[in-house]
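There are 2 protein chains.
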Amino acid sequence: MTFSELLQKRRAIRDFEEKEVPLKIVEEILQESTLAPSASNNQPCRFAVVSCRKTIKALSDESKANLLGDHAEKKIRLNPDYVTMLQNENFNVFYNAPCVIYIVGAKSVGSLDVDCALAASYIMFGAAARDLGTCWVALGANIRDPRIRAELGIPDNYRIVAPIILGYPKAIPPASERHAPEILRVISEAR
Amino acid sequence: MTFSELLQKRRAIRDFEEKEVPLKIVEEILQESTLAPSASNNQPCRFAVVSCRKTIKALSDESKANLLGDHAEKKIRLNPDYVTMLQNENFNVFYNAPCVIYIVGAKSVGSLDVDCALAASYIMFGAAARDLGTCWVALGANIRDPRIRAELGIPDNYRIVAPIILGYPKAIPPASERHAPEILRVISEAR
Chain C
1 MTFSELLQKR
11 RAIRDFEEKE
21 VPLKIVEEIL
31 QESTLAPSAS
41 NNQPCRFAVV
51 SCRKTIKALS
61 DESKANLLGD
71 HAEKKIRLNP
81 DYVTMLQNEN
91 FNVFYNAPCV
101 IYIVGAKSVG
111 SLDVDCALAA
121 SYIMFGAAAR
131 DLGTCWVALG
141 ANIRDPRIRA
151 ELGIPDNYRI
161 VAPIILGYPK
171 AIPPASERHA
181 PEILRVISEA
191 R
Chain F
1 MTFSELLQKR
11 RAIRDFEEKE
21 VPLKIVEEIL
31 QESTLAPSAS
41 NNQPCRFAVV
51 SCRKTIKALS
61 DESKANLLGD
71 HAEKKIRLNP
81 DYVTMLQNEN
91 FNVFYNAPCV
101 IYIVGAKSVG
111 SLDVDCALAA
121 SYIMFGAAAR
131 DLGTCWVALG
141 ANIRDPRIRA
151 ELGIPDNYRI
161 VAPIILGYPK
171 AIPPASERHA
181 PEILRVISEA
191 R
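In order, the protein sequence lines correspond to chains C and F. 1 is the number of the first residue of the first sequence in my numbering; add one for each residue after it. 1 is the number of the first residue of the second sequence in my numbering; add one for each residue after it.
Next up, chain C with everything else stripped away, as it sits in the complex (with noise of 0.2 Å):
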């Protein structure tokens, strides 16, 4: 697959097949991310894999409950729509993903969220290279209870960046509209 057709594979995908994602798929992709560049190649991104639907499940019900709670208390503002989803039970904020690889790495790396966006792009790409569909789910990062912290093995030093939902997509829809790239200025030799 080129680049160009990678770049038309490549979109967010939120509706999949029932078919589960082989471990060995994942772990090959995985493997690859470590490939992508960091900050004085200091490689913080560590992962947990989840492929269990009951698990899935409960963890969205955390991250919904969470958002909701911070949002009554006024720490965070979500627009209503988002509200109006989260309340609604039968919302899971993975969509019937069968995987949702979680990006994480320790809170004292300064560079950890580009360092983390940067092996989620390679995750991304790699799985469009073999015909699945990622979606890079922010809801679904607010894992706060240490009990499902502790399953998904994430120390309390660390944070989560990126949770991205892998499946084999029920199709492949177009790009969501693009604004041109806005280029501030050119500055060149001919000046």
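The hints are simulated quantities; they were obtained by calculation from the structure and are not laboratory data. Treat the hints with caution; some may be incorrect.
Repeated chains share a single entry, so a pair holds when one copy, or any two copies, can fit it.
Said to hold, decoys possible - No farther apart than 35 Å at their CA atoms in a straight line, the calculated lysine-lysine pairs in the DSBU-like style are these: (1) 107 / 9; (2) 9 / 170; (3) 9 / 19; (4) 74 / 57; (5) 74 / 170.
Keep in mind it's a predicted model, so treat the numbers as computed, not measured.
Given the coordinates of chain C, work out where chain F should sit on it, guided by the hints.
This is chain F only, laid out in the frame that chain C set:
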């Protein structure tokens, strides 16, 4: 070029041919980068493109002076090797790259770091797909002089996330050493 080939070609490049990068190719790469995902499809990334060597040198000098100043005032702690390097007048943080792309965006965007990092990965892969080399040079991000920021077209309420150098590589070095992916936990249906 397949994704496997891209994974091999996307290396941190710090040694470039004298050859300039045509602006048309930079624009193509930035156009592709708009396909990167962003939180709520907000598309907050903006760009400044510098392909004037005199300006690139001035940007390097500005960033070095600010980093050394912050270090002297104990606002940041640089490791001694970096200090020595930054104190060397002949050291250009952008190496000999003929082009620097600044990825910037509004400070008010909560997801700016990860949105710009995802766009950066598209730019780095898009460059590799065209036999160009890149490197995210965090040392080049410390541009504060209002005159220089105005020259780059960067408004006061914007933040520089990623300076990416771009050019034709003299060689594609092997990947620096990577550890195996650290998978903290796998939770599968079969438990």
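Checked hints:
Proximity of residue 107 and residue 9 under a CA criterion of 35 Å is satisfied in both settings, with 33 Å inside one chain copy and 31 Å between copies. For the identical chains of this complex, residue 9 and residue 170 are neighbours both inside a copy (13 Å) and across copies (32 Å), given an alpha-carbon limit of 35 Å. For the identical chains of this complex, residue 9 and residue 19 are neighbours both inside a copy (19 Å) and across copies (33 Å), given an alpha-carbon limit of 35 Å. Only within a single protomer do residue 74 and residue 57 lie at most 35 Å apart by alpha-carbon distance; the minimum there is 26 Å, versus 46 Å between protomers.
In the homo-oligomer, the alpha carbons of residue 74 and residue 170 never lie at most 35 Å apart, since the shortest distance is 38 Å inside one protomer and 54 Å across protomers.
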